[in-house]
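As they're listed, the protein sequences go chains A and B.
The first sequence: position 157 = 157 (full-length UniProt numbering), numbered continuously.
The second sequence: position 155 = 155 (full-length UniProt numbering), numbered continuously.
Any given hint could be a false lead.
Identical copies look the same in the list; a pair holds intra-copy or inter-copy alike.
[As the list claims (entries may be wrong)] Lysine-lysine pairs mimicking BS3-like chemistry, simulated, CA-CA at most 25 Å apart:
id, residue 1, residue 2
1, Lys24, Lys122
2, Lys59, Lys100
3, Lys102, Lys9
4, Lys134, Lys9
5, Lys59, Lys10
Hints listed in this document are in silico derivations from the structure and should not be mistaken for laboratory results.
There are 2 protein chains.
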Amino acid sequence: MNYIPDILKKVIEDISNLPGYGEKSAQRLAINLLKLPRGEAVDLIKHIAQMLDKIHPCKECGIYTDQEICPICSSEERDKTHICVVEESFDAYAIEKTGKFKGVYHVLGGRLSPLEGIGPEKLNIKTLIERIKKYQVKEVIIATNPTVEGEATGNYIYNLLKKYPLNITRLAYGLPFGSVLENADDFTLSKALEYRVKI
Amino acid sequence: MNYIPDILKKVIEDISNLPGYGEKSAQRLAINLLKLPRGEAVDLIKHIAQMLDKIHPCKECGIYTDQEICPICSSEERDKTHICVVEESFDAYAIEKTGKFKGVYHVLGGRLSPLEGIGPEKLNIKTLIERIKKYQVKEVIIATNPTVEGEATGNYIYNLLKKYPLNITRLAYGLPFGSVLENADDFTLSKALEYRVKI
C-alpha cells in the first residue's frame, strides 16, 4: 500500500482502534477531515485537544465534567440519597433533559461485555458502594440500557446491592410514546402487557 | 444543557458538521475519544494535525498525497494516456490494490449531489479536460460508484468528453465474485444477464 501516504495510514490505523470503527469507516472519517476547509479542521482538532485537557470524570459520580465535582453533585438542591446508575455520561444528560429527576447520577463508564473483555473491574462500580454507605442512600435506580448487555450489567449491580437496606428500582419497560402498536417488537409488547397499569 | 461542559458541546458540534455524523454519533465519538488512554488520544490528534499539514491533493490527478505530484503520476511506468476517473482517493487505492491498472487516476473529490448542493463546479473536472488534451489521452475509464449519484456523475462526464477522440469506458456491472445468485438484487442480476459474455 505504498501509494497511501504514511501519515494517512497512521491516522486510519488510530481511528480504526476506536470502538465502532473499522478500516472503511476510519478511511471515510480521515477523508472527510481532509475535505473540510483547513481552518475548520484545525479548529476541530484544537477543540478536541482542549476537551482532552479539560474534561475528566467527576470524582463523585463519574460524569464527564470540566470541574473536580460536577455541577449536579455539587448542587445543594440535589438529593444525594437517590442515585441513578447509567452506563455513560450521555445517558445521564438524556435523563437530565427530562427535568424529572432530582437525585444524583452514577456513571459506570460502560457495560459488562465479555466479548469486548469488559468485566466488572473495568466499570466504575466500587465508588457506587462507597457512595451508598457515605450518603445512606435510599434508592438506586438502575438505568442501564434495555439491551442484553445493559440488562446483564443491571443484574450484576442488583446482586451487589441487594444486601444493603435500600430500594433498588429500574426504568419501566413499555411502549415508547408516539409509537405504533403494530410496529412494536414482541419483547416490548409483552413487557407492556406484563406491566400494565390500572387507569 | 448547562450540565454538558462547553468544550464537550463544542467538539460534538464540530464533529456533527462532518458528513455522515449526527448529534448522537458525534456524542459517541467524543465519548470514545475521552475514554481512550490519554496518551493514545493525544497521539491521535497529533497524527491528524500532521495529516492536515502534509496531505493535499496531487496537482496532477487530485489523489491525496504527501508529495506535490503523487507517486503514481510521477512514475515513468504508468501510461498517462489511460485515465481512470474515480470519486475519491480511496477508490483509486482500491483499484491500485488489484494491480491490474497501469494507467493513471483522476480523483473528482466527490459526486454530483443536488441534495447536498454539490454541482459540477465543486468537482475536480476542469483539470481532467486539461489532462486529456495535454497527454492525448486514448481512454477514460469512468469508475464512479454504481449508485444513482455515481451514475449521474459518470453520465455528466461522459457527455463532457464524448466530443474528444478517445474511448470512454466504464467498469462492468455484474455479479460480485463469491456471491449467491438468489441474493443478488434485481438490478445487478438484470445487468449481469444483459452483459452476459460468450464462454
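We went through each hint and held it up to the structure:
1. Lys24 to Lys122: Classified as between; 24 Å across copies, 29 Å inside a copy.
2. Lys59 to Lys100: Within one copy only: 24 Å inside a chain, 58 Å across chains, cut-off 25 Å.
3. Lys102 to Lys9: Between copies, since 23 Å is at most 25 Å while 48 Å is not.
4. Lys134 to Lys9: neither (50 Å within a copy, 32 Å between copies)
5. Lys59 to Lys10: This pair counts as between: shortest inter-copy Cα distance 23 Å, intra-copy 34 Å.
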